[in-house]
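Asker: Now for the letters of each chain:
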Amino acid sequence: MSEPAARPAPLSTAAAARRVFELSFGEMLWSRRTIFMALVVGGPVLLAIIFRIVEAFGAPALRVNGARVAGGSVFGVMIWMLYIRFIVPVLGLFYGTALMADEVEDRTLTYLFTRPIPRGAVLLGKYLAYLACTSLVVLPSVMLTYFLTVPFAQVASTFRSLVLDLALLGAGLAVYGAVFAFVGARLKRPLVSGLVFAFGWEQLALALPGYLRQFTVAHHLQSLVPHTMPADSTLSAIQGLFRQTTSVPGALAALGLLLVVFLWLAMRTVARREYVLEQ
Amino acid sequence: MPIHDQGYQRYAGSRASTGTAWQVIARAGIRTVLAERKFLALLLLAWAPFLVRAVQVYVAANYAQASFLQPKGETFREFLETQAVFVFFITIYVGAGLIASDRRANALQLYLAKPLSRWEYVAGKMAVLLTLLISVTFLPAMMLLLVQIGFAGSLTFLRANLYLLPAITLYSLAQVLLASSTMLALSSLSKSSRFVGVMYAGLIFFTGALFQAVRGITGASWLAWLSPSDALEQLGDAIFRLPLRYELPLWAAAAVVVGLIVASGVVLERRVRAVEVVS
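In order, the protein sequence lines correspond to chains A and B.
Residues in the first sequence are numbered consecutively from 528, following this note's numbering.
Residues in the second sequence are numbered consecutively from 5, following this note's numbering.
Extracted from the complex, chain A is given alone in its bound form (with noise of 0.2 Å):
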């Protein structure tokens, strides 16, 4: 009598999320989802396309009090008023809350959950296909406002406030992203409450004074800004009034922290639940 044949070893969830991640990364970067994100990233290349024309024809719009605004101000304010403020939080919501939603609502998480790996390795998967996809698509068009934006004797002046720029942004779209995966995997209705931490608690919190800001994302990536805040609108003025920053070993440690708790959170609620398929 044959033996029966050994059972291959199950994988590691190191390489479940690879597989998964191999998946995910072409369908997400391929995705109608894709025009979405290039058209919000298209809007601060396009203000500094505009810039650089106004620029190159000596218009007076870009003068405030009869001073001309400098390049690398102009950049720190699409930074700080785009990037941080709204790109960052809103692709990280979008795609963050969509990793586990997508598959329930197209019911097709079975056939991943049927596959012989970890449940978490689905999640970690193709929460590393999101930070590939943003961050192929928002870096490369901080760049072109960059390079669009500030004038090329100053770029080796600027080019370290950039490169710490990128890093920033890459952390807020790691962290946020890990935040809104777990709402995603958690709540039913994962925008609504995603869009009320952002848009609502992260800007309350900001503009009290006291500890409160500690348990935001926007806090402590806001500490790694290399650029001034500008106090366009009566919220902002008001939160740069109370604005304390952290240090940025603090503040790394801070998205850090957030960034491992929340995507194992995740993972574990991902392991946990049971995702019951509408029919």
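Just so you know, these hints were derived from the structure itself, not from any lab.
Glycine included, each C-beta is placed from N, C-alpha and C at the ideal position.
The hints are all genuine.
Dumping the calculated DSSO-like pairs for lysine-lysine here, alpha-carbon to alpha-carbon at most 30 Å:
1. B:K195 to A:K715
2. B:K195 to B:K42
3. B:K42 to A:K715
4. B:K195 to B:K118
Simulated coverage check for chain A against chain B, where a stretch passes if three residues somewhere in it have a Cβ under 8 Å from a Cβ of chain B:
5. 567-580
6. 609-617
Position chain B relative to chain A; hints supplied.
Answerer: Okay, now just chain B, sitting in the frame of chain A:
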């Protein structure tokens, strides 16, 4: 035992008059949303500012020391501005899935196979959103006016500020029509309610951030037409006879609001069809 005739018989029941079918969709939609506890909590939260203002009116009417709290025409404008946050969240909560869910379930063909025109379908869906949005804008603002009359025990305030009646009506209408039509148009563009929600949030926040960024760079506030929310605020200031906050001409602000509503109508006309022609 009687033998019933199993042959063709004409329908003997009552028939709803033509053009009233939208009420069925509206009633069903409102009932479904109101059955959700989370939504009721959101609705209650949306009435919290009304309570705060009512207390303010009561204190101002009964304590001479607190006369500085006396409501003015501006108070009602500020109140409706506060309600914009709830308008945003209710629009996303209720509106994102209104058409998207029907498209996802291929229910549009079923709806339109009945004696129901496309515009009745859209009117029914819009009525759901309009009713709920009016309940957090027009209704509490009018109630606040009544509370003021009640606590003051005279019509002096109303007589002195008679313009408030049309102002509250007009501004609330602009606010809810803009939100409802935009959301319905976006909802008809996708099958995923989450994607619709993110698109709507993107439209509101991204255009706002873009305007603030451009304003930060150029110092020009006439570019408020870039952001529909800011254009609406400008219109609100004019309706409530307050100094305008931006240099944007009034006709331009009105054109942005009306243009977006018309564009939404065009999108709905093209997207809400019984048969989708796929090329």
